[in-house]
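Visitor: Be aware that the sequence shown starts at 1, since it is given in this note's numbering, and climbs by one per residue.
Keep in mind the hints are simulated off the structure, nothing from the lab. Please read all numbers here as calculations on a predicted model, not as lab measurements. One should not assume that every hint holds.
[As the list claims (entries may be wrong)] What follows is a set of in silico ranges between Cβ atoms, one per label pair, in the way DEER data are often shown:
#1 Ser107 with Val34: 18 to 26 Å
#2 Arg133 with Cys87: 20 to 28 Å
#3 Asn3 with Lys110: 47 to 55 Å
#4 Ala117 with Val34: 29 to 37 Å
#5 Gln112 with Asn25: 52 to 60 Å
#6 Arg133 with Ile85: 23 to 31 Å
#7 Lys110 with Asp52: 54 to 62 Å
#8 Lys106 with His145: 19 to 27 Å
#9 Arg12 with Ser107: 14 to 22 Å
#10 Leu75 with Asn129: 29 to 37 Å
[Stated by the list, open to error] In the DSS-like style, the derived pairs of lysine-lysine whose C-alpha atoms are separated by at most 25 Å in a straight line are:
#11 Lys54 with Lys79
#12 Lys79 with Lys32
#13 Lys79 with Lys2
#14 Lys110 with Lys152
#15 Lys89 with Lys10
#16 Lys106 with Lys38
#17 Lys89 with Lys38
#18 Lys106 with Lys32
#19 Lys38 with Lys152
#20 Lys10 with Lys79
#21 Lys32 with Lys89
#22 Lys2 with Lys54
#23 Lys2 with Lys32
#24 Lys106 with Lys152
#25 Lys38 with Lys10
#26 Lys143 with Lys106
#27 Lys110 with Lys143
#28 Lys32 with Lys10
#29 Lys2 with Lys89
#30 Lys89 with Lys79
#31 Lys32 with Lys152
Cβ atoms here follow ideal geometry from the backbone N, Cα and C, with glycine treated the same way.
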Amino acid sequence: MKNWYMIQSKPRQEAIAEQHLLNQNYTVFHPKAVINNKTVSLFPRYLFVQLDDKSQSWTPIHSTRGVSNFVRFGLQFAKVRDDVIHCIKARHNQTVDKVIELSSFKSGDKVQITEGAFEGCEAIFNSYNSDERICLLMNLIGKQHEIVLSTKSVVAV
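Given these sequences and hints, build the entire structure.
Guide: Written as structure tokens, this is what we have:
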């Protein structure tokens, strides 16, 4: 019976791992998105591979270029249910041709928080956490702390 499993790649080597697994005739699913005209992995460092529990050799995967290891829970390999993969694929297929444009904040830009507990406070933009979340640096109690908010919760100052 075929099941989907998660594989962790080496840092920034998802594409290499994917290509080498495909070259070995494994079924691989590596969801990606285009953000600010750059293709990025939706799950950085993770790929899904479909394996036959009975007839397919798993041994070559451990030495495949770009692969770090199988994701495990204790001694058990992390199986991913088919319905989860189908759901991810469906969402992926709906957005595969769309380019996601992030706000044009740059590290060090001053922003104002427009909602939530810190509404009206100013902070410094640090980085993007995902396509909908950003990391800000905010002075609280005399010390700079990192907070994560929705991109919709801030405006440029």
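Visitor: Does each hint fit the structure? Answer for all of them.
Guide: Hint by hint, here is what the structure shows:
1. In this structure the hint that Ser107 and Val34 lie 18 to 26 Å apart at CB holds, the actual value being about 22 Å.
2. For Arg133 paired with Cys87, a C-beta distance near 21 Å keeps the hint of 20 to 28 Å intact.
3. Checked against the hint of 47 to 55 Å, the C-beta distance between Asn3 and Lys110 comes to roughly 50 Å, which is consistent with it.
4. Look at Ala117 against Val34: about 34 Å separates their beta carbons, and that is inside 29 to 37 Å.
5. One distance hint, 52 to 60 Å for the beta-carbon pair Gln112 and Asn25, holds here, with the actual separation near 54 Å.
6. Between Arg133 and Ile85 the Cβ separation comes to about 25 Å, which falls inside the hinted range of 23 to 31 Å.
7. Remark: the range hint 54 to 62 Å for Lys110 to Asp52 is upheld by a beta-carbon distance near 55 Å.
8. Between Lys106 and His145 the beta carbon distance is about 20 Å. The supplied range of 19 to 27 Å therefore holds.
9. Remark: the range hint 14 to 22 Å for Arg12 to Ser107 is upheld by a beta-carbon distance near 20 Å.
10. A hinted range of 29 to 37 Å holds for the C-beta pair Leu75 and Asn129, which are about 33 Å apart.
11. Straight-line distance between C-alpha atoms of Lys54 and Lys79 comes to about 15 Å, which keeps the hinted pair within the 25 Å bound.
12. With a CA separation close to 21 Å, the supplied pair Lys79 and Lys32 stays within the 25 Å bound.
13. Proposed proximity of Lys79 and Lys2 is supported: the alpha carbons are some 10 Å apart, at most 25 Å.
14. At most 25 Å may separate the alpha-carbon atoms for a hinted pair to count; Lys110 and Lys152 meet this at roughly 15 Å.
15. With a C-alpha separation of about 23 Å, the suggested pairing of Lys89 with Lys10 holds against the 25 Å cut-off.
16. Between Lys106 and Lys38 the CA atoms are separated by roughly 16 Å; this keeps the pair inside 25 Å, and the hint holds.
17. A C-alpha spacing of about 20 Å is found between Lys89 and Lys38, which places the hinted pair at or below 25 Å, so the restraint holds.
18. At most 25 Å may separate the alpha-carbon atoms for a hinted pair to count; Lys106 and Lys32 meet this at roughly 23 Å.
19. A C-alpha spacing of about 22 Å is found between Lys38 and Lys152, which places the hinted pair at or below 25 Å, so the restraint holds.
20. For the hint pairing Lys10 with Lys79, the CA-to-CA distance comes to about 20 Å; that is within 25 Å, so the pair holds.
21. For the hint linking Lys32 to Lys89, the alpha-carbon distance of about 10 Å falls within 25 Å, and the restraint holds.
22. For the proposed pair Lys2 and Lys54, the alpha carbon gap of about 8 Å is at most 25 Å, so the pair holds.
23. Straight-line distance between C-alpha atoms of Lys2 and Lys32 comes to about 23 Å, which keeps the hinted pair within the 25 Å bound.
24. Note on Lys106 and Lys152: the hinted pairing holds, with a Cα-Cα distance of about 16 Å set against a maximum of 25 Å.
25. Between Lys38 and Lys10, the direct Cα distance comes to roughly 20 Å. Compliance with the 25 Å bound is thereby established for this hinted pair.
26. Simply put, Lys143 and Lys106 have alpha-carbon atoms about 22 Å apart, close enough for the 25 Å limit, and the pair holds.
27. For the proposed pair Lys110 and Lys143, the alpha carbon gap of about 17 Å is at most 25 Å, so the pair holds.
28. The suggested pairing of Lys32 with Lys10 holds, with an alpha-carbon distance near 17 Å, which does not exceed 25 Å.
29. Among the hinted pairs, Lys2 with Lys89 is consistent with the structure: their alpha-carbon atoms are about 17 Å apart, no more than 25 Å.
30. Simply put, Lys89 and Lys79 have alpha-carbon atoms about 16 Å apart, close enough for the 25 Å limit, and the pair holds.
31. Only pairs whose Cα atoms come within 25 Å are accepted, and Lys32 paired with Lys152 is accepted, the gap being roughly 23 Å.
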